[in-house]
Structure formats: structure tokens, C-alpha cells
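Q: Protein chains in written order, with my numbering: chain A, 11 to 188; chain B, 72 to 384.
Hints were generated in silico from the structure; no laboratory data involved.
This structure is a prediction, so every number in the text was calculated from the model and none was measured.
The C-beta atom is built at its ideal place from N, Cα and C for all residues, glycine as well.
Any given hint could turn out to be false.
[Claimed, not checked] List time: in silico EDC-like cross-link candidates among lysine to aspartate or glutamate, alpha-carbon distance up to 20 Å:
| hint | chain 1 | residue 1 | chain 2 | residue 2 |
| --- | --- | --- | --- | --- |
| 1 | A | Lys21 | B | Glu75 |
| 2 | B | Lys280 | B | Glu123 |
| 3 | A | Lys93 | B | Glu168 |
[What the hints assert, rightly or not] Residues of chain A clear of chain B, computed beta-carbon distances all greater than 10 Å:
| hint | residue |
| --- | --- |
| 4 | Leu132 |
| 5 | Gln136 |
| 6 | Thr158 |
| 7 | Glu160 |
| 8 | Ser167 |
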Amino acid sequence: MRYAMVIDTLKCVGCSDCVVACQTENEVPIGYCRDWVTETVNGAYPTVEIELKSERCNHCDNAPCVRCCPTGASHIVEGGIVKVTHDECIGCGACIESCPYDARYQHPEGYVDKCTFCHHRLEEGQNPACVSVCPTKCMYFGDLDDPTSEVSELLKSRKHKVLAPEAGTDPNVYYLIK
Amino acid sequence: MQEEIFVSGRNIPHIDPILQVWHFPISLYLFLGGMAAGIIFFASLFTVLRKEKEVQTTVKTGMLIALIGIVIGLIALLYDLTHMFYAWQLYTTIRIESPMSWGAWVLLIITFLLTFWVFSYFTEMFPKWDWKFDFLKNLEKFFQKNRRIMAMIMLPLSIILGVYTGILLSAFNARPLWNNAILGPLFLTSGLSTGAAAIILFSKDHFEKHLFTKIDLALVVLELGLIIHMLMGMYAGSHVQLEAMQILVGGEFTLMFFGFVVILGLIVPGIMEGIELMGHKVPSYVPALLVLIGGFIFRIVMVEAGQITRYLY
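Please model the entire structure based on the sequences and the hints provided.
A: The structure is reproduced here in C-alpha cells:
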């Protein structure tokens, strides 16, 4: 089992519904967010390209946050999901410094918090909150080890990219770009 | 041209628009930890070589200052933890791949050994002091007998502690300014140099002052070489490292780095120490203070500037 998220940048309109859904589902404190939407503008008029992306923790195979965590609070559970055990986290911030995506934050209660791919929903057979709420259905979630899954099929047929591959983290959130 | 904005209005405290998770206390710890590592290294080395009689300030006052420095540094580290009541979790495991994990263990062991060390010299430092209880007097005698063994353990540990302050930062590939292998040796050298400067500052013995002025001059020259090495490494590096170097060379930290660290913290005290060694009269506390201040500002610059640098995608 290897969970992955595939996001179609051609379908995303940047409505930020995924952000609100996550904040509601995971009771994220006000002023914080586990996912966010970026707009990247490339080039100058008349050849301007705009790319909208819903971003979050990439649940990397080679996660630097897990490597540098001094207590083992940051760990990888079945399916490749990177999680934080709140009672083991000392709030040192090493994982935040180590993340090239700035996907982690210090919860007002002190521990470090981040996207969990809505692990509690996956256990009930549901999709993550952001995926299930997307109005343009630009987000897909599934198992990359299953070659017939929707995400595997999409990655076979469409051109895609990951964020900051040069950081060597082997991310598991893919962006369809063509 | 590429421009990226958050359309969902992301503005997380301490992370946006620039990362500021590690603050002043971390810089303070890196400085005090490095300086303490330097003093412990010299005190242990001279004790192992059976030359501790010649460097009495180093093994007495120096080690007391190292202990005070480490305790203040530890308080600063604890203060910067946002979940500090769980700090004991550090000592439930050893994770070799996490520098902070083994660093925390080394720090714990060295703090205990250093306390025993200062305890063993306490009545020599303060002759009027009376331990009152016999078991404390016996304990002091026990540690006095085992000073060389403590020194043998602390010698390698002090090097690890000094390197650790640099490796703590260089282990993060997400922050290109920190992510270079020279940072460990560089912070160790700076720690040894500030340790020697602290000894010069507190020593009243002419021989000891002269000896540590020689040592400090060599370390200052070495540190300058390592800084050039670091900048050259980044200059030959990838795009993100070039951008990172820009912050130190021609960016917002240029004055802090070249003005206060390189010129006032290394070159000027280096020249003054050189003049002193040639036999001219120089107030020795001036170069020592400059080295200490430069070392402290160096830690602040590296911690603050490093958090600005990142991958852009």
C-alpha cells in the first residue's frame, strides 16, 4: 500500500475549498492551515502562464522531517503517511526547518502539526476531506501499488511533476500538468 | 520570470512570509555550547597531557565558566521548545540519524561530567569554602582522584559537542545556507577559538595568556580559511546555494557577516594577537572580547539568515 494524491492543475480554479474543508475536518486552529493554494505566474505578457496548485505535506518516501526528529514523534505509518505523535513531540522545530515545502507548523498547544492525508477518514474507507470536497474534482487519491487504481492510471497517461524533486525527498503528491 | 503567491491567504505564525521557528535562544545556545566545548577541550587536553599545573585558569575558572555557559545554554534550549514539558522524551530514545538526538545525549553526559569536574576543584578555587558534610568531602576526593579519567572521556565528547552545534544546522537540506558539510568543522573551530578567548579574558597568568593567544591566532586563521572554503563551496553550488550565498555576500546580512564577524571578529583580533605575540604591548582583553562578540554574532547571522534561504518551486 502506498498512498498518493494526484492533483490536476488544469482543472484547479484556486477556490480554496480544500483549505476550508481541511480546517473544518481537522479542527485546525484559526490562522493555521495544513493545506494551501498557490498561484504561480510564469513569463510576461503576451506569453503568460498561470498554474494553480493545492499544496500540502507530500508524505515523502525519504522524509527529512522523520529523519531529523530527535524523539521519533515524526514517523511513517502504513501506506507511507507521515504522522506526528503529539505526546512525543517536544516542539523543537527541527522537522519544520527540515521540510522544503514548509508543510508543518507549531500548533498553539505546542506540538508540531501537519496534514495526515485524513488518516482517520481513510480508516473508514473515505477520501481525505480536501479530495472529497473539491468542486472541480481536480484531486484524486489512491494506492500507487495498485496498477489499476485511478491515481496509477492518471500517472501512466498524463504528464506530471512533483514539487522540488531536487530536494531528494521522493514526494507522494503529484501534479498533472498536461 | 516566475512569481508565486498564496491565493488561500496562508499566513502561519513563525513560518510565513519567512521562516522564524528558531530564534535568539538557539543562537545563544550555539555560541555558549561552542565556547564551553572549546574550554572543556583545552582543559581536558592539558589534563590528559599532565600539564594542568601550567594552565590553572583553564581547568578552574575556565571550566566553571563553561559550566555556567552550558547551563544558560540548556535553559535557552528548553525555553525555545514549544512543547517543553515533553522534553524528557529526548532521553527515551537514541536516534543516530537525528543530530539533535545524539547531541542531546552528549550534552547531558558532558553537563554531568563538567559538574563533577568543577566540584573537584571547588575548594581549590574557593579556599574558604567548607562542604560541612563528610560524604561531600569524600566525594570531592573521589573526583579529584579521577580527574584524568574524566578528562579522557570529556576530550572526545567536547569535540563532538563543538561539531554538533554546526551539524545541527547543516543536516537540513531544505535550508541551502546551512546545508554544507564545512559547517561542522567551522563551528568547532569557532567554538575552540571563543573558548581560548574566554580563557585569555579570565587568566591572570602571563604564560597561560601567551599560550592561548598563540592557540587563538592559529584558530582565527583556520576559521577564516574555513569561511572562505564555505563561500567557495556555495559559489560552485546549485542555484539555491548561490541564492543562499547572496544573503551573506551583497545581501541583507552582508554588514553583519563581513563587518562584525569577518573583520571585527576575526581579522582585527587576529592582527592584534599577532602584534602581541611579536612582543608589543596590546591590552589582551580587546582581541579576546572581539573574538567572543564576533563568535556570538556569527551564530546569530547563521541562524537568522539560514532560515530565509529555501527551495523555490
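Q: Compare the structure with each hint and give your call.
A: Hints versus structure:
1. Proposed proximity of Lys21 of chain A and Glu75 of chain B is supported: the alpha carbons are some 18 Å apart, at most 20 Å.
2. Between Lys280 of chain B and Glu123 of chain B the CA atoms are separated by roughly 14 Å; this keeps the pair inside 20 Å, and the hint holds.
3. Under the criterion of a C-alpha separation no larger than 20 Å, the hint pairing Lys93 of chain A with Glu168 of chain B is consistent with the structure, at around 18 Å.
4. Consistency note on Leu132 of chain A: stated as away from chain B, and its beta-carbon is indeed over 10 Å from all of that chain's, at 23 Å minimum.
5. No Cβ of chain B approaches the Cβ of Gln136 of chain A within 10 Å, the least distance being about 23 Å, so the stated non-interface status holds.
6. The claim that Thr158 of chain A lies off the interface holds: its Cβ sits roughly 31 Å from the closest Cβ of chain B, which is beyond the 10 Å cut-off.
7. With a cut of 10 Å on Cβ distances, Glu160 of chain A stays outside the contact zone with chain B, its closest approach being about 25 Å.
8. Under the 10 Å C-beta cut-off, the non-interface status given to Ser167 of chain A relative to chain B holds; the minimum distance is some 24 Å.
Checked against the numbered hints given earlier, this structure breaks none of them.
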